[in-house]
Amino acid sequence: MTANDFFQVGLYLAVLLVLVKPVGHYMAQVFADTPNRVNRFGARAESLLYRLSGIRADEDMSWKRYAIAMLVFNVAGLAVVYILQRTQQWLPLNPQHFGAITPDSAMNTAVSFASNTNWQGYAGESTMSYFTQAIGLAVQNFLSAATGIAVLIAVIRGFSRRGVAAVGNFWVDMTRATLYVLIPFSLVIALLLVSQGVVQNVSAYVDVATLQHGQQTLPMGPAASQIAIKMLGTNGGGFFNANSAHPFENPTPFSNFVEMLAIFLVPASLCYTFGSMVGDRRQGWALLATMLLIFVPLTLGLVAAEQAGNPALHGLAIDAQASATQAGGNMEGKETRFGIAASGLFAAITTAASCGAVNAAHDSLTPLGGLVPMWLMQLGEVIFGGVGSGLYGMLAFAVVAVFIAGLMVGRTPEYLGKKIEAHEMKMASLAVLIPCALVVICTAIAVMTPAGTAAVANPGAHGFSEILYAVSSASNNNGSAFGGLSANTPFWNVLLAICMFLARFPLAIAMLAMAGSLAAKGHVPETAGTLPTHTPLFVALLACVVIVVGALTFLPALALGPIAEQLMSATGH
Amino acid sequence: MTTLLRNAIVLLLLMTAVTGVAYPAVVGGLSALLFPHQAGGSLVERDGKPVGSELIGQSFTAPGYFWGRPSATTPAPNNGAASTPSNLGPTNPALTKAANDRIAALREVDPANRAAVPVDLVTASGSGLDPEISPAAAEYQLARVARARHLDPAKLRELVAASTAGRQLGVLGEPRVNVLKLNLAVDEAAR
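Chains A and B, in that order, give the protein sequences. The opening position of the first sequence corresponds to residue 1 in the numbering used here, with each subsequent residue numbered one higher. The opening position of the second sequence corresponds to residue 1 in the numbering used here, with each subsequent residue numbered one higher.
Just so you know, these hints were derived from the structure itself, not from any lab. Yeah, the Cβ is synthetic: ideal placement off N, Cα and C, and Gly gets one too. Just to be clear, a hint being listed does not mean it is correct.
[What the hints assert, rightly or not] Partner residues are not named here, just some residues of chain B that face chain A (Cβ under 10 Å, in silico):
1) Asn7
2) Ile9
3) Leu12
4) Val18
5) Thr19
6) Gly20
7) Tyr23
8) Ser53
9) Pro90
10) Asp120
11) Thr123
12) Asp187
Use the sequences and the hints to build the structure in full.
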């Protein structure tokens, strides 16, 4: 790795950590149960929305009612996206006259955007009208992200409330997440992106005569507004097929930096919000430290693997040495402006968070470089993870860690003053195991089915990696891909839609069920038998639990894919 | 349940109006006001006609032009309407073959140049539309372009420098040369 590689990673982390406290504090104000300066600001707009929708904003919902509201709202959104895709040929803002999307692809995309996954079997610039993109996809970018934040806030209330059989109001939490957090931040990010060259218009595509006597079609569209929320909401669905590698989607190193910051901004800051809402900020910092403890070494490993270059090309007359005039390394699938550091860092961020936007082709990463994003997803999307969903996933792991510590040293399992009992353990185990089970089972189905293996683009171990990556991505609501896989077929569209739906909603409901029972419990006073959960010891224990679950479940599969490929390429096969 | 359903559907419609109509319209309006050139695709004109976007790479194959990054788009390279990377895995024999073919093509138009080829000139970009190459890749092609255009290499090197951007804010990304801008300058100088 070069000195600049280290510097770019370090600068990113420094800027992120500076933003965590102010943004986290702001969000704690937004979601406070009592009115304050921040959440009274849009009170009139809010109450208008509630009045028109017939919503009683003061209703404190039981966890079941909260879960049903969440589910009904998301399924309705899913249906709208499906209908828009099937009827876009008759709708406005379709200057390229794109036809209706096939039923299986439309269903896959609808589930994908409603579940905050944004797996894309389609290519944006050649299939989706501006209307579908803005009214269907971009709206779900907001609402699925707001749903994730709302569920997290309900889970946090489970820990902070005492003896109350309710976890808050879904409509209010979701609306506030959208109005106070996602829209204002997106507006700023979108304008920063346009200043760098991201397009924002509703013109038809522009045909130009190129310098060397050719023709070129330049795609257009309302891209910046959609890309801003795509990053901020950890959605990741590209406006264009090449996603954030496309120069109109991510034109400069600065736009790249803004997009990377936007991915981690909310998930990282929510750790602070959590600490603030449970009345002990150290608890939030401990979870953030756990995430960084796993994220930083894996990121450096990824960048180092890419900077070392592709051994298969070593014999050719190629100069891949990093110098003042080139990035060097493995440049297949990477853009010149990003080089190795800004591509490798982006790949780690987008898979640690459940974003799934890409600024380089993950399929063309070196074997070990490609292992990192795959494993970051398989860890359950809790290393930052999706907005809201990442942290409630991490809280499930924290409950498991507390329980394991209780078994090991004979302490009473309790977390944040709440006793952890059989019901909480069942729900936490469900949240941890649902994605693991989906990845293992559905990968097995795909490799045993001709329709599954027919989609593979690359030969050998790498072909298996493409399948494993796709299922891991869908089953953890990430959305990135080893893009060679031709997944826009009925088999893959259905299989991955099932993975995305089951990974998103049953898991969220399990966490809400845990929140419901926790909120009803009283506070257990701290005793000598209580394991403190803000110490370096607990951070290390929690990181170990996350890694052990991820390693035990997936090492055999990883050995057949990226590890086998690495061994073969190192021995010159 | 019916109350919940009504709450959900009406709120969904209202939120669609806010996030799907009002929000992009505000971004569109502010962009048109503040950054009209960028919002419209950063188009480059010559003699009053658009010849491309400074952000979208074009295909150059003549010896007298600097070539850009290889592009994996279909049916032709640098297809602006269908961005894609090659998605070739690192151990795929097709990747090694593509690299070999690109080295051969570069050497065919410049047989005297036996230097190792900078890696960005033999590997396909992430978008298939990368507008830039590394300064090393420009230097590798400089003698060839100078010869084909009967230009003084020192003068040409100045043109390359004028189309080169360093790391943004001194830190971010990589130094790079905009190929379309550079080739427009080459045309201008050779006119």
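Using the nearest Cβ pair, does isoleucine 9 of chain B come within less than 10 Å of chain A? The hint holds - isoleucine 9 of chain B has a Cβ within 10 Å of chain A, the shortest such distance being about 6 Å.
When the least beta-carbon distance from tyrosine 23 of chain B to chain A is tested against 10 Å, hint result: It holds, given that the least Cβ distance between tyrosine 23 of chain B and chain A is near 6 Å, below 10 Å.
Using 10 Å as the Cβ threshold, decide whether threonine 123 of chain B counts as touching chain A. Since chain A brings a Cβ to about 4 Å from threonine 123 of chain B, closer than 10 Å, the hint holds.
Interface hint compliance - glycine 20 of chain B to chain A, C-beta minimum distance less than 10 Å: holds, 4 Å
Holds or violated: is there a CB of chain A closer than 10 Å to the CB of aspartate 187 of chain B? holds, 7 Å
When the nearest CB of chain A is found for proline 90 of chain B, is that gap smaller than 10 Å? At about 5 Å, which falls below the 10 Å cut-off, the nearest Cβ of chain A leaves the hint on proline 90 of chain B intact, so it holds.
Given serine 53 of chain B as an interface hint, is the shortest Cβ-Cβ distance to chain A below 10 Å? Holds: closest Cβ of chain A sits about 5 Å from serine 53 of chain B, inside 10 Å.
Would the hint on aspartate 120 of chain B stand, with a C-beta cut-off of 10 Å toward chain A? holds, 5 Å
Hint check, threonine 19 of chain B versus chain A [nearest Cβ-Cβ separation less than 10 Å]: holds, 4 Å
Close enough to count: is the Cβ of asparagine 7 of chain B nearer than 10 Å to one in chain A? holds, 5 Å
Regarding the hint that leucine 12 of chain B lies at the interface with chain A, is the smallest CB-CB distance below 10 Å? holds, 5 Å
Quick check on the hint: valine 18 of chain B CB to chain A CB, less than 10 Å? holds, 7 Å
Every hint from the earlier list agrees with this structure, and none is contradicted.
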